[in-house]
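Trainee: Sequence:
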Amino acid sequence: MRKQMEGDNQRRRTLARQARERGRQPSRDGTTLGASKQPTHLDRGKRAGPPPAGAHKPDSTRGGPVPPPAGRPANPRPGPRPGGTTPGATGTGYRELVGEVGRRAGVDFRTAKVGTEATVLVLARALDPADRDRLLRAVPMSLHDVTPVDGIERHRDLPGFLAEVARISGRTPEQARYQAEATLAALAEADGDLVASLRVPEGLLDLLTPPEAGGGVVGPEGRAAPLTADELRAALADLPYWSVRDRALSRSVALPPGNLDRVLDRLDRLRADTGRGPQITRQTGASAVLTVRSRRADAVTAQDVDLAHRVDDAIEEAGAGVAG
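Residue 265 in UniProt numbering sits at position 265 of the sequence shown, and the numbers go up by one each step.
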């Protein structure tokens, strides 16, 4: 048997040499020693199925993919997500900036988001092209990547500016001012050099002036500032139906039930229109107590005084009369 195997091997070597002399691969003629055991030709690098894993994965010498150059990861780190900061930006992310505006204006995140976007768009439109580009490059892209700036009306005076911010954000001009001042204060805190270098139109400079202590939009802790005692007395002089109770403005209304229902319905519409309204406590069918207070400040603020005047106007518009 051994002599027979050696004879077969010798015959195969002879046939292989002859095949090479004819320019053919011995394996194609079935003349290699292992040809009978190799139904496929692995030298082609086309084995079916997924590539082998581990130390035997294919490389460029075996017909497989070329590995990445040394020092560079196979899966590069993804780029920044939309809404993140860009080179030259304030360094404050979208959520951080909007959250800061919300804290300063005393509103929720959704309201602050709309107000911040509206302020940035209207301010960008009011600036000259060079300053506009610097502002838009500096703030998070999510503040201006939906509404084109060119579609915004240009206003370089304060009433027109606030009216446009109010139109976009769906708020009143008074609320638009609170949000615009809070937005610019938050931007200045994130990048004071940027805000100071913008050539803001003279008619809008009041928006950049920090509010005085007490009675301003925000206090030192980033929320609506309580009125000082003198400011509160002056405010009550113009609100004859209101008094201060438990750090809040309070007014009692006593009317025939039908008239009172009409008044309270009107106050519900006030909340829907402006986003703010008084707390209503119906004591009897003919009387109710209205309360206005800034919960974040736990005190009476300039915003509360503004709301109290709006409540008085709404009651007068309802044509129901008043009772102290």
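In short, the hints are calculated from the structure, not lab data. It is possible that part of the hints are untrue.
[As the list claims (entries may be wrong)] Restraint-style ranges between C-beta atoms, simulated for each label pair:
id : residue 1 : residue 2 : range
1  : R262      : A196      : 49 to 55 Å
2  : G192      : R295      : 46 to 52 Å
3  : E316      : A272      : 15 to 21 Å
4  : A286      : F109      : 24 to 30 Å
Computed from a prediction, not measured in an experiment: that's the story for all the values here. Where is the CB? At the ideal position from N, CA and C, for every residue including glycine.
Trainee: When you take the CB atoms of R262 and A196, is the distance between them in 49 to 55 Å?
Mentor: Cβ of R262 to Cβ of A196: about 51 Å, so the range 49 to 55 Å holds.
Trainee: State, for the Cβ atoms of E316 and A272, whether the hinted interval 15 to 21 Å holds or is violated.
Mentor: holds, 19 Å
Trainee: Between G192 and R295, does the beta-carbon spacing fit 46 to 52 Å?
Mentor: violated, 30 Å
Trainee: Using the beta carbons of A286 and F109, state whether their distance is inside 24 to 30 Å or not.
Mentor: Given range 24 to 30 Å: violated, Cβ gap about 40 Å.
Hints 2 and 4, counting from the list given before, are not met by this structure.
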